[in-house]
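*Asks:* If you want the building blocks of each chain, they are given just below.
Protein chains: 2
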Amino acid sequence: MKSDKRYGIAVLGCGTVGGGTAKILVEDNDFLKKRTNLPLFLKYIVDVKFDHAKALGLPENLYEKDFDKVLKDPEIGVVVELIGGTTLAKEFIIKALKAGKNVVTANKALLAHYGRELFAEARKNGVVIGFEASCGGGIPIIRALYDGLLANRNEALFGIVNGTCNYILTQMTQNGKTYAEALAEAQRDGLAEANPTLDVSGLDSAHKLVIMSSLAFGKYVSLQSTPVIGIDTLDLADVLAGQELGYTIKLIAMAKKYPDGRISTIVCPAFIDKKHPLAWVSGAFNAVSVYGHAVGHTMYYGRGAGASPTASAVTSDVISILSGAAEKFFNTYPIWLDNLPDADMLPYGLSEEKFYIRFNVLDKPGVLAKVTAIFAKHNISIASVVQKNEKKEEHSIPIVIITHYALEGDIADALKEISFLDELSGNTVCIRIMEEHKEKF
Amino acid sequence: MKSDKRYGIAVLGCGTVGGGTAKILVEDNDFLKKRTNLPLFLKYIVDVKFDHAKALGLPENLYEKDFDKVLKDPEIGVVVELIGGTTLAKEFIIKALKAGKNVVTANKALLAHYGRELFAEARKNGVVIGFEASCGGGIPIIRALYDGLLANRNEALFGIVNGTCNYILTQMTQNGKTYAEALAEAQRDGLAEANPTLDVSGLDSAHKLVIMSSLAFGKYVSLQSTPVIGIDTLDLADVLAGQELGYTIKLIAMAKKYPDGRISTIVCPAFIDKKHPLAWVSGAFNAVSVYGHAVGHTMYYGRGAGASPTASAVTSDVISILSGAAEKFFNTYPIWLDNLPDADMLPYGLSEEKFYIRFNVLDKPGVLAKVTAIFAKHNISIASVVQKNEKKEEHSIPIVIITHYALEGDIADALKEISFLDELSGNTVCIRIMEEHKEKF
Numbered sequence: 012m013k014s015d016k017r018y019g020i021a022v023l024g025c026g027t028v029g030g031g032t033a034k035i036l037v038e039d040n041d042f043l044k045k046r047t048n049l050p051l052f053l054k055y056i057v058d059v060k061f062d063h064a065k066a067l068g069l070p071e072n073l074y075e076k077d078f079d080k081v082l083k084d085p086e087i088g089v090v091v092e093l094i095g096g097t098t099l100a101k102e103f104i105i106k107a108l109k110a111g112k113n114v115v116t117a118n119k120a121l122l123a124h125y126g127r128e129l130f131a132e133a134r135k136n137g138v139v140i141g142f143e144a145s146c147g148g149g150i151p152i153i154r155a156l157y158d159g160l161l162a163n164r165n166e167a168l169f170g171i172v173n174g175t176c177n178y179i180l181t182q183m184t185q186n187g188k189t190y191a192e193a194l195a196e197a198q199r200d201g202l203a204e205a206n207p208t209l210d211v212s213g214l215d216s217a218h219k220l221v222i223m224s225s226l227a228f229g230k231y232v233s234l235q236s237t238p239v240i241g242i243d244t245l246d247l248a249d250v251l252a253g254q255e256l257g258y259t260i261k262l263i264a265m266a267k268k269y270p271d272g273r274i275s276t277i278v279c280p281a282f283i284d285k286k287h288p289l290a291w292v293s294g295a296f297n298a299v300s301v302y303g304h305a306v307g308h309t310m311y312y313g314r315g316a317g318a319s320p321t322a323s324a325v326t327s328d329v330i331s332i333l334s335g336a337a338e339k340f341f342n343t344y345p346i347w348l349d350n351l352p353d354a355d356m357l358p359y360g361l362s363e364e365k366f367y368i369r370f371n372v373l374d375k376p377g378v379l380a381k382v383t384a385i386f387a388k389h390n391i392s393i394a395s396v397v398q399k400n401e402k403k404e405e406h407s408i409p410i411v412i413i414t415h416y417a418l419e420g421d422i423a424d425a426l427k428e429i430s431f432l433d434e435l436s437g438n439t440v441c442i443r444i445m446e447e448h449k450e451k452f
Numbered sequence: 012m013k014s015d016k017r018y019g020i021a022v023l024g025c026g027t028v029g030g031g032t033a034k035i036l037v038e039d040n041d042f043l044k045k046r047t048n049l050p051l052f053l054k055y056i057v058d059v060k061f062d063h064a065k066a067l068g069l070p071e072n073l074y075e076k077d078f079d080k081v082l083k084d085p086e087i088g089v090v091v092e093l094i095g096g097t098t099l100a101k102e103f104i105i106k107a108l109k110a111g112k113n114v115v116t117a118n119k120a121l122l123a124h125y126g127r128e129l130f131a132e133a134r135k136n137g138v139v140i141g142f143e144a145s146c147g148g149g150i151p152i153i154r155a156l157y158d159g160l161l162a163n164r165n166e167a168l169f170g171i172v173n174g175t176c177n178y179i180l181t182q183m184t185q186n187g188k189t190y191a192e193a194l195a196e197a198q199r200d201g202l203a204e205a206n207p208t209l210d211v212s213g214l215d216s217a218h219k220l221v222i223m224s225s226l227a228f229g230k231y232v233s234l235q236s237t238p239v240i241g242i243d244t245l246d247l248a249d250v251l252a253g254q255e256l257g258y259t260i261k262l263i264a265m266a267k268k269y270p271d272g273r274i275s276t277i278v279c280p281a282f283i284d285k286k287h288p289l290a291w292v293s294g295a296f297n298a299v300s301v302y303g304h305a306v307g308h309t310m311y312y313g314r315g316a317g318a319s320p321t322a323s324a325v326t327s328d329v330i331s332i333l334s335g336a337a338e339k340f341f342n343t344y345p346i347w348l349d350n351l352p353d354a355d356m357l358p359y360g361l362s363e364e365k366f367y368i369r370f371n372v373l374d375k376p377g378v379l380a381k382v383t384a385i386f387a388k389h390n391i392s393i394a395s396v397v398q399k400n401e402k403k404e405e406h407s408i409p410i411v412i413i414t415h416y417a418l419e420g421d422i423a424d425a426l427k428e429i430s431f432l433d434e435l436s437g438n439t440v441c442i443r444i445m446e447e448h449k450e451k452f
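Residue numbers (this note's numbering), protein chains in the order written: chain G, 12 to 452; chain X, 12 to 452.
The hints are simulated quantities; they were obtained by calculation from the structure and are not laboratory data.
Any given hint could turn out to be false.
With a cut-off of at most 30 Å between alpha-carbon atoms, the simulated DSBU-like pairs for lysine-lysine come out as follows [as the list claims (entries may be wrong)]:
1. G:44 <-> X:230
2. X:388 <-> G:135
3. G:45 <-> X:451
4. G:449 <-> X:365
5. G:286 <-> X:188
6. X:286 <-> G:286
7. G:44 <-> X:451
8. X:44 <-> G:449
9. X:451 <-> G:188
10. G:34 <-> X:451
11. G:286 <-> X:449
12. X:54 <-> X:80
13. X:230 <-> G:16
14. X:101 <-> X:16
15. G:106 <-> G:83
16. X:449 <-> G:34
17. G:34 <-> X:230
18. G:449 <-> X:449
19. X:285 <-> G:285
20. X:34 <-> G:230
21. G:188 <-> X:285
22. X:365 <-> G:286
23. G:135 <-> G:16
24. G:285 <-> X:286
25. G:449 <-> X:45
26. G:45 <-> X:135
27. X:16 <-> G:230
Sample of chain G residues at the chain X side, in silico, Cβ under 8 Å [claimed, not checked]:
28. 150
29. 159
30. 229
31. 288
32. 309
33. 310
34. 312
35. 313
36. 327
37. 340
38. 343
39. 344
40. 356
We put the CB at the ideal spot given by N, CA and C, even for glycine.
Here chain G stands alone, though its shape is the one from the complex (with noise of 0.2 Å):
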């Protein structure tokens, strides 16, 4: 252990992420100094005000309003952001980093807009970012993907990454919940927030794939070239029309590379096959499924969120950088997103996916003969079709096609095209099936 390092820790945002971590800090202190043979210590919480730290029964000497004082203390060595948001937590960080401080942060949001930025002035003063919890809550994911999967060229990563969202669809398609009857009792049950946009639009999701996907194949995937489609339009009768064809409802950040080096990336409800692991993931619990081209398919399992399992993920990658371990990676590997070239992204349309779409038509006869018509001149082959004999309004009836692998973009030219018939009542639904990613070995 060199004598001029500095095991002094201030947690910046008492909230129930800071709050956590700050109690595994203190509460397990000892613990951690023998498991890890260093001397650390919570120094600092800092935050405008105590209430929530008060709560917790946490010591009242170590709360401060005073961020300068922390960034001058020469005892701080790493400075853990769980403010949330991007604009404050983003100036936060970069004096840390320009104190010389190391940063933990479990912020996604703010290193899927500002990652580079950020990352580049970590290495400008010679310090560390650790982000193992802004993806995943608990799960060591991100330590996945730049260590223990290192040697892969990765294919594709599938996740759940969004606990609200996971106990959402669950609650559909095990209970038979509408989405609003769903929603308010995950609000209830205090899984989802007042304001559900950011987790329910698919936004939270795609902040993390972004991470996740950059890392993963190596370029930077941005926001920007990310389509996201939220769960908050679902309807229960699609959820349970595909559970009855074997497929299950999540809502997946997906990443693939295509063989000829583009990669494409969204964020939208899929179906998946009942087979697949990511289909068993159910209420609040994340998993992110990788393939890489030697190990093949490997699944990470947790906790996406909570106070005690993100502080889990926090406090493992301040360890990691008071080892010395967390600064040989970031040093030595060319893979963090200040320094990854820009991904060559699939333009979108042209991805090929299986679908499900349900179009509500009058009970006429020859109608199924004018849609179908339409599928195969856009180059669509279909799988099945199942005509349900529920009308779901008077003379309507719902209709249900699988297609084959079909391009994107062929897929919205024909509904297009379908929209203008006669006989279409209602809305025309088109969810993505995902099926299991074929390793290649």
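On the provided structure of chain G, position chain X as indicated by the hints.
*Replies:* Below, chain X alone, put in the same frame as chain G:
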């Protein structure tokens, strides 16, 4: 990058995994150099014959029979031991360590028997042993334990860590094959050795359990203190009876830490609730569930064997050593086999579990009363009794009893007493039931 570092690699033993590793290091050399920014290169393949290396198309200029030459080569930084077994492999590893070479190994038997000695030797010589590939093949579970989960007091670890057994049990469960049929099939498909004893006896799983649980709990768990029950005596009838009751049979490597600090380990076939994620792991796949006090339940899933997945883990160790990160972990944390105190093991008989027990009894009135009286006498509370209609042999019917939590020793005593009953016909079967481990938050 320091100029005094040595980036040459020697692979010892060109069998399945050795060949796979050499292939990755040769064929993906440009990719690996670019991805890691390390000028690593395979310099030697050391073996007594090179048929397999030739069949794989590995360059002949790498072939070397003289290990001493390798040891004297100052360019060699890492020796990768993939010979297997506990005699020659041990000798070669000790030679390599004494010559100041870092070692990477997939050899669980060797580490389970001589891990302390080998780690101490590495430390004495200022080098590192990487052993990710020793447990769970390509799954980065060892890293999860020494890095990603390090902030946790781990409470339990349950693993499916033998692909041969899991393949056989999946065949029995899903396709109704007998043990003998499933084994023959596994042998035909190259998923089981001609002599499958090491796998089906549970011993291979025990080797892995000893390594993983020592790391997880920070105490040295010895092979000698781990009871091992294999799958080779499993009756299809029990597999199917358990399935009807909502359970799936798996060979589980279990380790638990009790609140008083005592540890219990066992490898045995166990019925798992179908809702537990480990129940989903089928075929040759492996998975390990770890329960930490902060993170709760995390699970790691992937291919537990095979040339290419295991080579992925081996190569990640090589890279991590050459980057300097592995040395930081190895020399900072006191969690390695050579610096752990002995675990205080729970004596066999004192662990509390639920059990599935099947008797065959003569079809006479009063038998069940006698059996249940014996259970009651030994403080075993019964959750359910199922008397199957089908007669197994003339006048003999199977009775299945599911117990509540009971002391293993009480169960053993009761079964012994029952074995003296005149009405008993044939063997009694007793299988543990593994309930979901309760997360503590």
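*Asks:* For each hint, tell me whether it holds in the structure or not.
*Replies:* Hint check results:
1. G:44 <-> X:230: holds (16 Å)
2. X:388 <-> G:135: Outside the cut-off at roughly 73 Å; violated.
3. G:45 <-> X:451: At roughly 22 Å apart (the allowed maximum being 30 Å), residue 451 of chain X and residue 45 of chain G satisfy the hint.
4. G:449 <-> X:365: The given pair, whose Cα atoms are some 39 Å apart, is violated under the 30 Å limit.
5. G:286 <-> X:188: Answer holds: residue 286 of chain G to residue 188 of chain X is near 21 Å, not above 30 Å.
6. X:286 <-> G:286: Measuring from Cα to Cα gives roughly 14 Å; hence the hint holds.
7. G:44 <-> X:451: holds (23 Å)
8. X:44 <-> G:449: Distance of about 27 Å is within 30 Å: holds.
9. X:451 <-> G:188: Measuring from Cα to Cα gives roughly 29 Å; hence the hint holds.
10. G:34 <-> X:451: holds (15 Å)
11. G:286 <-> X:449: holds (26 Å)
12. X:54 <-> X:80: Cα-Cα ~12 Å, so holds.
13. X:230 <-> G:16: holds (28 Å)
14. X:101 <-> X:16: The hint holds at about 25 Å.
15. G:106 <-> G:83: holds (11 Å)
16. X:449 <-> G:34: holds (21 Å)
17. G:34 <-> X:230: Since the Cα atoms of residue 34 of chain G and residue 230 of chain X sit roughly 25 Å apart, the hinted pair holds (cutoff 30 Å).
18. G:449 <-> X:449: Measuring from Cα to Cα gives roughly 35 Å; hence the hint is violated.
19. X:285 <-> G:285: holds (14 Å)
20. X:34 <-> G:230: holds (25 Å)
21. G:188 <-> X:285: Roughly 23 Å between the alpha carbons, so the hint for residue 188 of chain G and residue 285 of chain X holds.
22. X:365 <-> G:286: Roughly 29 Å between the alpha carbons, so the hint for residue 365 of chain X and residue 286 of chain G holds.
23. G:135 <-> G:16: holds (19 Å)
24. G:285 <-> X:286: holds (14 Å)
25. G:449 <-> X:45: Roughly 26 Å between the alpha carbons, so the hint for residue 449 of chain G and residue 45 of chain X holds.
26. G:45 <-> X:135: Since the Cα atoms of residue 45 of chain G and residue 135 of chain X sit roughly 22 Å apart, the hinted pair holds (cutoff 30 Å).
27. X:16 <-> G:230: holds (28 Å)
28. 150: Where the cut-off is 8 Å and the nearest Cβ of chain X is about 6 Å from residue 150 of chain G, the hint holds.
29. 159: It holds, given that the least Cβ distance between residue 159 of chain G and chain X is near 3 Å, below 8 Å.
30. 229: holds (6 Å)
31. 288: With a minimum Cβ separation of about 6 Å from chain X (threshold 8 Å), the hint on residue 288 of chain G holds.
32. 309: Check passed: Cβ of residue 309 of chain G comes within 4 Å of chain X, closer than 8 Å.
33. 310: Holds, because the Cβ-Cβ distance from residue 310 of chain G to chain X comes to roughly 4 Å (cut-off 8 Å).
34. 312: holds (4 Å)
35. 313: holds (4 Å)
36. 327: At 5 Å from the nearest chain X Cβ, residue 327 of chain G passes the 8 Å test, so the hint holds.
37. 340: holds (5 Å)
38. 343: Holds, about 4 Å.
39. 344: With Cβ-Cβ at 5 Å, under 8 Å, it holds.
40. 356: Violated: closest Cβ of chain X sits about 20 Å from residue 356 of chain G, beyond 8 Å.
The structure fails to meet hints 2, 4, 18, 40 from the earlier list, while all remaining hints are met.
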